[in-house]
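Below are the chains, spelled out letter by letter.
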Amino acid sequence: MKNILISGGILLVLILLGLITWTLFGSKEEVVVVDPVTQDQFPISADIPRDDATSITISTAKGELLPVKNFFTDGETVPDPTNKGYYHLGNHFPFDSDMASTAPAIPYTITFIESTQFFNIGLYEEPISEARLEAEQYLRDHLGVTKEQMCDLNYVVSVPNFVSPLFAGDSLGFSFCPGAIEI
Amino acid sequence: MLFRAFLVGVTLWALPGGVVYAAIVPQCPLAGCRLCDVVTLANNVIAFAIQLSVIVAVLSIVIVGFKSITSGESGAGELQHTLVSIVMGIVIMLSGWLVIDTILKVLVGSRIGPWHEIECVDTPVATQPHVKTSPGVIAVKTGAVSGVAGVQCPPGNTACSPEALQSFGYTAAQANVMSCIAMSESAGNPNARNSGSSACGTFQVIRGSWKGSGDCGSHSACTNAQCNAQAALGLIQGRSNSRGSIYGDWTCPGCNLKAQACVDKYDPGR
Chain A
4 MKNILISGGI LLVLILLGLI TWTLFGSKEE VVVVDPVTQD QFPISADIPR DDATSITIST
64 AKGELLPVKN FFTDGETVPD PTNKGYYHLG NHFPFDSDMA STAPAIPYTI TFIESTQFFN
124 IGLYEEPISE ARLEAEQYLR DHLGVTKEQM CDLNYVVSVP NFVSPLFAGD SLGFSFCPGA
184 IEI
Chain B
400 MLFRAFLVGV TLWALPGGVV YAAIVPQCPL AGCRLCDVVT LANNVIAFAI QLSVIVAVLS
460 IVIVGFKSIT SGESGAGELQ HTLVSIVMGI VIMLSGWLVI DTILKVLVGS RIGPWHEIEC
520 VDTPVATQPH VKTSPGVIAV KTGAVSGVAG VQCPPGNTAC SPEALQSFGY TAAQANVMSC
580 IAMSESAGNP NARNSGSSAC GTFQVIRGSW KGSGDCGSHS ACTNAQCNAQ AALGLIQGRS
640 NSRGSIYGDW TCPGCNLKAQ ACVDKYDPGR
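Those protein sequences? They're chains A and B, same order as listed.
Under the numbering used here, read the first sequence as residues 4 to 186, first letter to last.
Under the numbering used here, read the second sequence as residues 400 to 669, first letter to last.
Think of the hints as simulated: they come from the structure by calculation, not from any bench.
Just so it is clear, CB atoms sit at the ideal spot from N, CA and C, and this is done for glycine as well.
Some hints could be false.
[Stated by the list, open to error] Distance condition first, Cα-Cα at most 20 Å in a straight line; then the derived EDC-like pairs of lysine to aspartate or glutamate:
| id | chain 1 | residue 1 | chain 2 | residue 2 |
| --- | --- | --- | --- | --- |
| 1 | A | LYS72 | A | GLU139 |
| 2 | A | LYS87 | B | ASP614 |
| 3 | A | LYS87 | B | GLU562 |
[What the hints assert, rightly or not] Listed next, with one range per pair, are the computed distances between beta-carbon atoms:
| id | chain 1 | residue 1 | chain 2 | residue 2 | range |
| --- | --- | --- | --- | --- | --- |
| 4 | B | ILE499 | A | GLU133 | 50 to 56 Å |
| 5 | B | SER594 | A | SER58 | 35 to 41 Å |
| 6 | A | PHE98 | B | LEU493 | 40 to 46 Å |
[Said to hold, decoys possible] Among chain B residues calculated to face chain A with C-beta under 8 Å, some are:
| id | residue |
| --- | --- |
| 7 | CYS579 |
| 8 | ARG592 |
| 9 | SER594 |
| 10 | PRO652 |
Input sequences plus hints: build the corresponding full structure.
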């Protein structure tokens, strides 16, 4: 009788323990911790290409070559000191983190990623409709291309949540291009 | 009694501190801790105490059983009494837990769902100004924030495209979700800064939440695309031991409605 009580009691408690443990931790998944910063993912030059040519060619979204003004040497394009192969056309956020809080607001940024020939345009000030127009005008002037050619670029225009929750994350497009979102 | 205390002490001491911490302390979202996180902490403490008490109950039974075996028939009475007490204690404890858990859920507005799980509920986002319409426009958005997922960073954006994030160590599902979230957090810009906070970089990670190692160990590296991706991945992995969404640092109530839409679209069920 005594042994039955002992065995039964232990079994009961073990079952309860198992149930509670399974309930609390049963759905967990193992996640492998990976350190992604082991090497340069995109080993390309950090300096502005020293090409004296007044025009260069860039790849469009269709894979065609488009001759444009050499915006690398227009005096307003600066290489990103942190991310190799990133170039900022005109406006950019302060590279010095200590200056970030005191720097004036910027309406937009245009970042060219050399390895993929990609233009990333971010709008960072309301009204974002005006910010987009300014960015479009700046890019057109500095590339020296038509609106139709602008639409062929490998690019995205978007706005973050902290500027516009309504349009955050959407691909807004250039205002004059097919598929653009009016804002 | 001393032996029992010793066993409990050893059990507690042997528990890995990190596991206990991760199981109890919830990861606050980037925007800071909320009431929901405090309640989740209380709930986790209770859950941990329950587990601990069950361990103590098992040990008690083992000790009493051992004593009853060594002391012969005289120990049977004590064993029976102890077993009844333990079973009654567990029933009362679990009943009390159920009541408290229900109260906590009602307190934070969580749905009445699985026992012991607190689920933070998104607060509605304010309606945005109406967007004008005009002829000749291809696509127009109007009204309130819809919660519809935006686009992912395109392949050309090496800071946050799904391909780039996978090369940084993300799983395919994580890469798809976080690529979408990056667009709504920073417009895919590793240099983006929110002047109203320390939020910085592709995933707008604030200083207090920064998790990095090596060259990425400090928040001052937040504009480095790889470092920011690493920090974001650290936040995701840090939440793998908690019961909320692993993307909770971005999907928290009032944080970024589009972020939850990204999760729903690319990693449903999370």
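Item to check | In rising order, the numbers of the hints this structure does not comply with | outcome: Of the numbered hints, 6, 10 do not hold.
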